[in-house]
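Colleague: Residue numbers (the working numbering): 4 to 536.
Mixed in with the good hints there might be a few duds.
Stated by the list, open to error - DSS-like, lysine-lysine: derived pairs with alpha carbons at most 27 Å apart: (1) K197 / K167; (2) K416 / K535; (3) K469 / K485; (4) K29 / K379; (5) K416 / K379; (6) K421 / K100; (7) K200 / K294; (8) K457 / K496.
As the list claims (entries may be wrong) - If you anchor each label on the Cβ, the simulated ranges turn out as follows: (9) K444 / F187: 13 to 21 Å; (10) Y298 / G64: 17 to 25 Å; (11) M131 / L373: 21 to 29 Å.
By construction, these hints were calculated from the structure, which means they are not laboratory data. Given the structure is predicted, the values throughout are model-derived calculations rather than measurements. Idealized CB from N, CA, C, for every residue including glycine.
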Amino acid sequence: MDPYYEQMALKSRSRRDNFMAEIRRKQPIEGYNCPDYLDPIVSDYTRIDPTKPCFTKPEPGDKWSVFQAPQAITNSINTTYIVKMALDPKPEEIFPKNGNNHQNGNDHLYCFEGETGLRNGHGGLKSMMGFVLDKEYQEKSSTGYDIHIVFRGSRSGWVVRAFKEGFFSSKGNPDWVTDTDSIFNMVENTDISKFGKCSHGFSDSIDNIIRQIIASLTNIQQRRNTAPRAIYVTGHSLGGGLAAHFASAVSLGNEYSKIATGVRQMPDILESWPWERLSLITFGAPAVGDKDFAYAFNSKVYARRIVLGLDAITTKRRLKIAKVEHVGGYVHIPSKTDTKNNSDTDTNNSNIDESGIFNDHEPMNIRTKLIQWAQKWEVTPPATLPDVPENPPWQKLDHFENVLDMFQNNNPKSIVQKWLGTNFSQNLRIYLNYLIPTLEKSTSYTVTVGTNTKQETNIRSLNKVKLILSNIAMTPDEKLTKIFEELNKITSKNIGEYLKFCVILDVVYNHNNNQLPNLPNNQTEVNRIMNKI
4 MDPYYEQMAL
14 KSRSRRDNFM
24 AEIRRKQPIE
34 GYNCPDYLDP
44 IVSDYTRIDP
54 TKPCFTKPEP
64 GDKWSVFQAP
74 QAITNSINTT
84 YIVKMALDPK
94 PEEIFPKNGN
104 NHQNGNDHLY
114 CFEGETGLRN
124 GHGGLKSMMG
134 FVLDKEYQEK
144 SSTGYDIHIV
154 FRGSRSGWVV
164 RAFKEGFFSS
174 KGNPDWVTDT
184 DSIFNMVENT
194 DISKFGKCSH
204 GFSDSIDNII
214 RQIIASLTNI
224 QQRRNTAPRA
234 IYVTGHSLGG
244 GLAAHFASAV
254 SLGNEYSKIA
264 TGVRQMPDIL
274 ESWPWERLSL
284 ITFGAPAVGD
294 KDFAYAFNSK
304 VYARRIVLGL
314 DAITTKRRLK
324 IAKVEHVGGY
334 VHIPSKTDTK
344 NNSDTDTNNS
354 NIDESGIFND
364 HEPMNIRTKL
374 IQWAQKWEVT
384 PPATLPDVPE
394 NPPWQKLDHF
404 ENVLDMFQNN
414 NPKSIVQKWL
424 GTNFSQNLRI
434 YLNYLIPTLE
444 KSTSYTVTVG
454 TNTKQETNIR
464 SLNKVKLILS
474 NIAMTPDEKL
484 TKIFEELNKI
494 TSKNIGEYLK
504 FCVILDVVYN
514 HNNNQLPNLP
524 NNQTEVNRIM
534 NKI
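Required output: the full structure, derived from the provided sequences and hints.
Modeller: Shown next as structure tokens:
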């Protein structure tokens, strides 16, 4: 719920830095490692499940984002696999994720790991970078499968800080270190293309991602024992840049493509795949190479790039300075930010709403406008637009109470329990174990009269909260009463309110009984928090 530690930043940058230092020092997950110059965004792969809804509130003041993958896709997934990076001398590791299999499904999902934030030959931060889906199709006279390779977009937090730190210091949010290293920094990388120069940041990441993708495809071929009908590659924003570099590597690179010289890395088992018919479709993607790179790419790869309105990430204003080019055919979807002359270069209209330009980059807005645009040209009525769920997978909601209202027909308690997983209680205690030493540091406070007293009060109250959470003899109502008393003493009110919300989730919604516990003494406060957070 606070993956970028923005709650800490509300008081001071030093408090956030101190909190992140605790995470790097204690390493919350086995095998987790984060370079000192990167924000330690933690990825827990045990929580990966395409059938579960995802709720997130990236930073204070944001709305809740709710994402539920369409059942038309997830109900056909037989098994989900995690594909981890190789650890020399061990090869890439592929293992099934238990608990979300549909035995009658014929599709398989491979979630692949990679790194962003690589800098000067140093490793970056590992995370899930996307997935491969082998999706079966049935037509009148044939049955087969298609391959869908999808790269995720950037994780942001406060975008202004992420951009400034990434661009000027090559530090901070790892995704933005990669993004900003791809704006002006073009390099020759024959693994990606034997022609021209490509983006340094994107090419560095693809160099360590591609092996996990190839391992996934090899596993699919071994199981299917036949080549796919088609290969689709896609991504949004950062993911669009990575997708273009992957498509280039398997089409024009000196390791995996058919024009490679010397020892080719593409496994023999994948030679029969239709690489020459690979299709790249990106959404809100940045430019990715110089003119020579783009010319070679466009002559070899079928590609389309979807741009909504005046998406600031795709604008040519910076392209003229950096001398970089987009790849693929340009498909423009109109939006309210457009001027009369819709084009990448037309961003000088003083009447353009800047917030609208950045809204044009949101994937949910691109999807909505793309469907509306497609319906205008569809011969059949809009209701029969093929393979498009009636309800969008994304929702933006003001408060968590609104999130619960979405699931009133499906037992919201059980939905929240699925979302929290089995380790939420443990994670809450780990969070407190990082927070307490953070607030013990004087640099976590703006120095004023009474700072020492604030420190002592905060630390004493948080230690009491830890003890109360562990008291199995207390009822949920008793726990909330005592914990709320302590959190009301916290001088950092935003942290106190945030912790109240987390405690409600743990004590009330993560409670073992099927029904929500009776909370006569605390229901008013619970309602206030749920309607505020």
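Colleague: Each hint: holds or not?
Modeller: Consistency of the hints with the structure:
This hinted pair does not check out: K197 and K167 have alpha carbons roughly 32 Å apart, beyond 27 Å. Restraint check: the Cα-Cα separation between K416 and K535 comes to about 19 Å, which is no more than 27 Å; the hinted pair holds. For the given pair, K469 sits about 11 Å from K485 by alpha-carbon distance, which is consistent with the 27 Å threshold. The suggested pairing of K29 with K379 is violated, with an alpha-carbon distance near 55 Å, which exceeds 27 Å.
Our distance criterion of 27 Å between C-alpha atoms is broken by K416 and K379, whose separation comes to about 41 Å. Annotation: proposed proximity of K421 to K100 holds, straight-line Cα distance about 15 Å (limit 27 Å). Under the criterion of a C-alpha separation no larger than 27 Å, the hint pairing K200 with K294 is consistent with the structure, at around 8 Å. For the suggested pair K457 and K496, the alpha carbons sit about 12 Å apart, so the restraint of at most 27 Å is met.
Roughly 37 Å separates the CB atoms of K444 and F187, a value that falls outside the hinted 13 to 21 Å. Take Y298 and G64: their Cβ atoms lie about 44 Å apart, and the range 17 to 25 Å is violated. Roughly 25 Å separates the CB atoms of M131 and L373, a value that falls within the hinted 21 to 29 Å.
In the structure shown, a violation is registered for the earlier hints numbered 1, 4, 5, 9 and 10, in ascending order.
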